[in-house]
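Engineer: If you're matching them up, the sequences are chains Z and S in order. The opening position of the first sequence corresponds to residue 1 in this note's numbering, with each subsequent residue numbered one higher. The opening position of the second sequence corresponds to residue 1 in this note's numbering, with each subsequent residue numbered one higher.
Note that these hints are calculated values from the structure, not bench results. Keep in mind that a hint or two might mislead.
[Stated by the list, open to error] Calculated lysine-lysine pairs in the DSS-like style (CA-CA distance at most 30 Å, straight line):
{"id": "1", "chain 1": "S", "residue 1": "K97", "chain 2": "Z", "residue 2": "K353"}
{"id": "2", "chain 1": "S", "residue 1": "K220", "chain 2": "S", "residue 2": "K97"}
{"id": "3", "chain 1": "Z", "residue 1": "K160", "chain 2": "S", "residue 2": "K99"}
{"id": "4", "chain 1": "Z", "residue 1": "K251", "chain 2": "Z", "residue 2": "K188"}
{"id": "5", "chain 1": "Z", "residue 1": "K160", "chain 2": "Z", "residue 2": "K16"}
{"id": "6", "chain 1": "Z", "residue 1": "K32", "chain 2": "S", "residue 2": "K117"}
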Amino acid sequence: MIIETREFTRVEGNGKAEIVIEENEVKDVRVKIVEGPRFFELLTLGRDFWDVPDLEARICAICYLSHSVASVLAIERALGVEVPEKTELLRELGLIGELIESHSLHLYLLVAPDLFGYPDAIRLATKHGELVKEGIALKAFGNRIRDLIGGREIHGINVKPGGFGRWPGWEELEAIEREAKALLTVAKRAVRLFSGIGEYGGKAELFVATDGYLTGDSLISNVERNFHYFERIEERPLVYSFAKQSLYSGKPFLVGSLARLLLKAESLTPTAKRLFEENRERLEAGWVSYNNLAQAIELVYALERAGEIAKTLLDKGFEPENVPVEAGDGEGIGYVEAPRGVLVHHYRIAGGKIEYSNIITPTAFNHAMMEGALLWEARNLYGNAPEDELLRRLEETVRAFDPCISCSVHFVRG
Amino acid sequence: MKLGVFELTDCGGCALNFLFLYERLFDVLEFYEIEEFHMATSLEGKHFDVGLVTGTVSSHRDLEVLREARNRSDYLIALGTCATHGCLQASVELPLKEKLKAVYGDEGNPMRALDPKPVVEYVTVDLAIPGCPYDKNELFQALIDIAKGIEPVRPDYPVCLECKLNEYECVLVKKGLPCLGPITLGGCNAACPRSGLGCIGCRGPLPGEVNPAGEFEVLKGLGYDEEYIMRKFKTFARWGP
Chain Z
1 MIIETREFTR VEGNGKAEIV IEENEVKDVR VKIVEGPRFF ELLTLGRDFW DVPDLEARIC
61 AICYLSHSVA SVLAIERALG VEVPEKTELL RELGLIGELI ESHSLHLYLL VAPDLFGYPD
121 AIRLATKHGE LVKEGIALKA FGNRIRDLIG GREIHGINVK PGGFGRWPGW EELEAIEREA
181 KALLTVAKRA VRLFSGIGEY GGKAELFVAT DGYLTGDSLI SNVERNFHYF ERIEERPLVY
241 SFAKQSLYSG KPFLVGSLAR LLLKAESLTP TAKRLFEENR ERLEAGWVSY NNLAQAIELV
301 YALERAGEIA KTLLDKGFEP ENVPVEAGDG EGIGYVEAPR GVLVHHYRIA GGKIEYSNII
361 TPTAFNHAMM EGALLWEARN LYGNAPEDEL LRRLEETVRA FDPCISCSVH FVRG
Chain S
1 MKLGVFELTD CGGCALNFLF LYERLFDVLE FYEIEEFHMA TSLEGKHFDV GLVTGTVSSH
61 RDLEVLREAR NRSDYLIALG TCATHGCLQA SVELPLKEKL KAVYGDEGNP MRALDPKPVV
121 EYVTVDLAIP GCPYDKNELF QALIDIAKGI EPVRPDYPVC LECKLNEYEC VLVKKGLPCL
181 GPITLGGCNA ACPRSGLGCI GCRGPLPGEV NPAGEFEVLK GLGYDEEYIM RKFKTFARWG
241 P
């Protein structure tokens with residue numbers, strides 16, 4: 001017998017799951033990504049490198065800037081371009097804005113209704129209007145940063161190889177420093193709210209992240225440091241999904257907020273670090289549901305870090321200046337932490353044109369782990385709870401991964 | 001009035017952009033009840049006064065969702081360039097079989113994929129709002145107009161005009177950048193020239209009197225090769241000079 005869920009709601013993109021039952025036991029769970037294929041790598045082949053980041057941004061709206069930055073980093077590495085610290089800091093600021101926009105969307109509008117037993121944030125707002133408004137204020141702030149650095153709230157084209165189309169001005173950075181400080185209280189409340197979340201989705205044992213907090217030169221995990229994705233991680237196509245599945249040394253693994261906190265807590269800002277320490281024991285247990293709490297702690301980190309970056313640039317002063325980029329040959333990988341986990345863009349460029357391109361998104365990295373988490377929940381609840389409760393819990397488990405299904409459906413064969 | 005939002009295959013941005021109305025979302029909710037919108041609610045509706053549909057038809061699943069959305073909506077809006085013109089994912093010019101093989105590695109099609117096409121090629125829509133993403137103010141105004149019984153106004157000017165109104169420096173003339181502003185439908189408030197970069201044409205061609213052949217010659221005159229220009233023209237809306 002197979003129980004099929006409806007298409008997941010309050011997640012980005014189209015997907016569902018089926019639970020395979022044999023002899024009254026849960027044998028298997030399959031996560032079926034039904035979102036159609038998107039062919040992004042094929043689209044970039046033969047293109048001029050300069051135009052590619054703008055196209056790659058369109059892979060995903062929630063994390064378009066992560067795609068732009070990963071694409072730009074891969075191009076710069078391939079063409080031997082180094083940018084100054086001010087450019088790196090502004091890119092980081094953009095990624096921080098994206099983290100705020102994405103995490104607040106997920107926590108307040110997609111997950112919070114579950115905590116209070118509502119079908120959505122609009123109905124939740126009838127009783128908890130302040131909470132929803134706080135989430136919207138955070139999301140709007142994250143988007144203001146994306147607009148400033150990326151050029152638009154969604155799919156901006158301002159992040160370019162070598163620098164920016166338009167550089168932010170002093171007053172704009174001052175406003176960010178001020179608003180980040182003002183919103184910190186809200187984010188701290190989010191940590192209190194989400195520290196009440198239950199334990200579900202099973203325990204993850206393997207975690208992968210980039211070596212820097214939001215960008216990196218290579219990957220790290222809880223069993224080894226500094227490796228490239230192609231050395232350890234294998235992707236395989238599935239007959240029941242438009243997204244491929246990745247295994248790390250043959251095993252499922254977790255990327256995202258929880259993995260980042262567990263692997264890189266020493267990089268956190270002071271308040272975020274304190275909140276991590278307070279919750280360390282629970283987070284270290286590895287429950288998938290605690291990814292929600294980890295995201296709330298990262299909201300605090302992001303607001304503190306946004307203020308720090310703005311202040312550093314304002315104190316030091318900077319002149320808008322782009323590094324010239326010449327068309328040439330080379331190969332490069334851009335590693336970025338998208339809000340929901342490790343994102344890889346890998347290109348080979350010949351004469352300024354893209355010759356090979358490979359992209360692996362966080363949801364693809366998490367795909368196998370997601371099936372593992374659903375299997376754990378299904379085994380736990382099947383026969384012990386009514387079917388509608390089982391299905392609701394499976395949906396909540398999927399939601400804890402904050403999947404970005406649109407991103408996950410466009411891989412090219414490596 | 002009852003509102004439904006339906007997502008086919010896309011980046012999620014057109015559904016998300018609706019939520020980015022922030023406080024004005026509550027103004028929309030003065031007129032509309034959101035009955036179905038899987039990114040935002042777990043509810044499912046039956047019949048809709050207005051349906052918004054985003055994305056391309058890229059699988060049989062998408063086609064079924066689209067037909068349901070059309071049948072159950074009195075007024076259907078194709079929202080965003082995927083739905084109106086096909087956008088990036090429809091611009092890869094290879095037979096479907098070859099595309100699937102390049103991505104998934106075998107010649108089968110177990111998930112019943114279709115060659116990505118815009119919504120408007122399968123059903124009649126009452127309004128098409130392009131943009132990658134569309135301008136959220138345009139959607140806001142359209143929804144309010146429909147609620148009041150007024151037919152929404154469609155922009156009929158190029159991006160170039162908005163650029164001039166904002167007094168941005170002309171990136172085509174002054175910097176020689178490949179800018180599609182003169183032949184692209186306006187409504188984005190010249191988002192790309194605002195960043196000092198050329199318009200990438202994400203809102204598709206300006207209908208009516210427009211001169212893509214002239215644009216083609218201008219870009220050729222600036223030293224861009226024909227293949228490069230053609231790809232630029234075709235990226236979002238598969239148009240030719």
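Engineer: With reference to the structure, classify each hint as holding or not holding.
Structural biologist: A quick look at each hint next to the structure:
no. : hint              : in the structure
1   : S:K97 <-> Z:K353  : holds (25 Å)
2   : S:K220 <-> S:K97  : violated (34 Å)
3   : Z:K160 <-> S:K99  : holds (28 Å)
4   : Z:K251 <-> Z:K188 : violated (35 Å)
5   : Z:K160 <-> Z:K16  : violated (36 Å)
6   : Z:K32 <-> S:K117  : holds (22 Å)
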